[in-house]
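We have chain C already, so just place chain W on it with the hints.
There are 2 protein chains.
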Amino acid sequence: MNLDPKTDLTFTRTINAPVSLLWECWTTPKHIKNFFVPKPHSVDDCEIDLRVGGRFNTVMNVDGNQMVNEGVYLEVEEGKRLVFTDTYSEDWKPAADPFMTAIIEFEDDGNGGTTYTATARHRTSDARQTHEEMGFFDGWGTVATQLEEYAKTLE
Amino acid sequence: MNLDPKTDLTFTRTINAPVSLLWECWTTPKHIKNFFVPKPHSVDDCEIDLRVGGRFNTVMNVDGNQMVNEGVYLEVEEGKRLVFTDTYSEDWKPAADPFMTAIIEFEDDGNGGTTYTATARHRTSDARQTHEEMGFFDGWGTVATQLEEYAKTLE
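Chains C and W are the protein sequences, given in the same order. Just so we're aligned: 46 in this note's numbering is position 28 of the first sequence, and the numbers increase by one with no gaps anywhere. Just so we're aligned: 68 in this note's numbering is position 50 of the second sequence, and the numbers increase by one with no gaps anywhere.
Calculated directly from the structure, the hints in this document are not laboratory data. The structure displayed is predicted, hence computed values, not measured ones. Accuracy of the hints is not assured; some may be wrong.
Given that identical chains are not distinguished, each listed pair holds provided it fits within a single copy or across any two copies.
With a straight-line Cα cutoff of 35 Å, these simulated DSBU-like cross-link-like pairs (lysine-lysine) come out [as the list claims (entries may be wrong)]:
#, residue 1, residue 2
1, 111, 24
2, 111, 170
3, 57, 111
4, 111, 98
Just chain C, with the same shape it has in the complex (with noise of 0.2 Å):
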């Protein structure tokens, strides 16, 4: 995947958890409520139809108000990679003013663990920065951290 650092934010580490168990977390909203956001922010309601174009929407609880996200799938393929955006919302409706793209990446490490790739692409320079202050490093590293302490719950 060509990547382009003037717009995008991406990582990698490894979690030691198989491919399989974090993909059903990644792709299921029981599972998602449980690492999704940094906590003590939360997860109030996630509804999920894991299909291209299919809906991938979450209300979040960020200090007791609550955020509605609504986005979709761009691409499902399944154990490998997880592609889905606030671009659009169901019916490939536009959004007005889209933040951000993200893909997630999966890969058998070779020691039942997985190297796990989050990348956020951007429509501007400015969208990365702005994501990039408001912590995606911390952020979604934090979210990568939670997501192992889950997915050990349910091995």
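Chain W alone, transformed into the frame defined by chain C:
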């Protein structure tokens, strides 16, 4: 499909050619060049990678000026539905200021022809209005007429 009259433009007409032929025209660069823009404008180049996320790039020639348009396919449902947009280029790189998402639908009309529906979805009502004022109905209608005439030469 749920459309939004504030941001979408759409029309349906019958084209006197079978679905399979219209699908082939819409998904093959050498055919695209024969109908995709209202004459006397023309298509100087077209690249297609016919899969979700694959490129649909065109170079149009308008009064001698080349206009490069990079896009991708969002849905490729053979003989039924083709969705493409300038919202992304390949590898899901978001465009800074995308214009529209096009949905072309084909349905056998039972008489050897095709019920053809072309829809353009926009991010805002302003973008919709701009597109209408640019001549959406005349322009896309002309494209449909050119498609019908060109398809006849292939039968």
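Okay, the hints, checked on the actual structure:
1. 111 - 24: both (27 Å within a copy, 12 Å between copies)
2. 111 - 170: Classified as between; 34 Å across copies, 37 Å inside a copy.
3. 57 - 111: both (31 Å within a copy, 30 Å between copies)
4. 111 - 98: Both: 26 Å inside a copy, 19 Å across copies.
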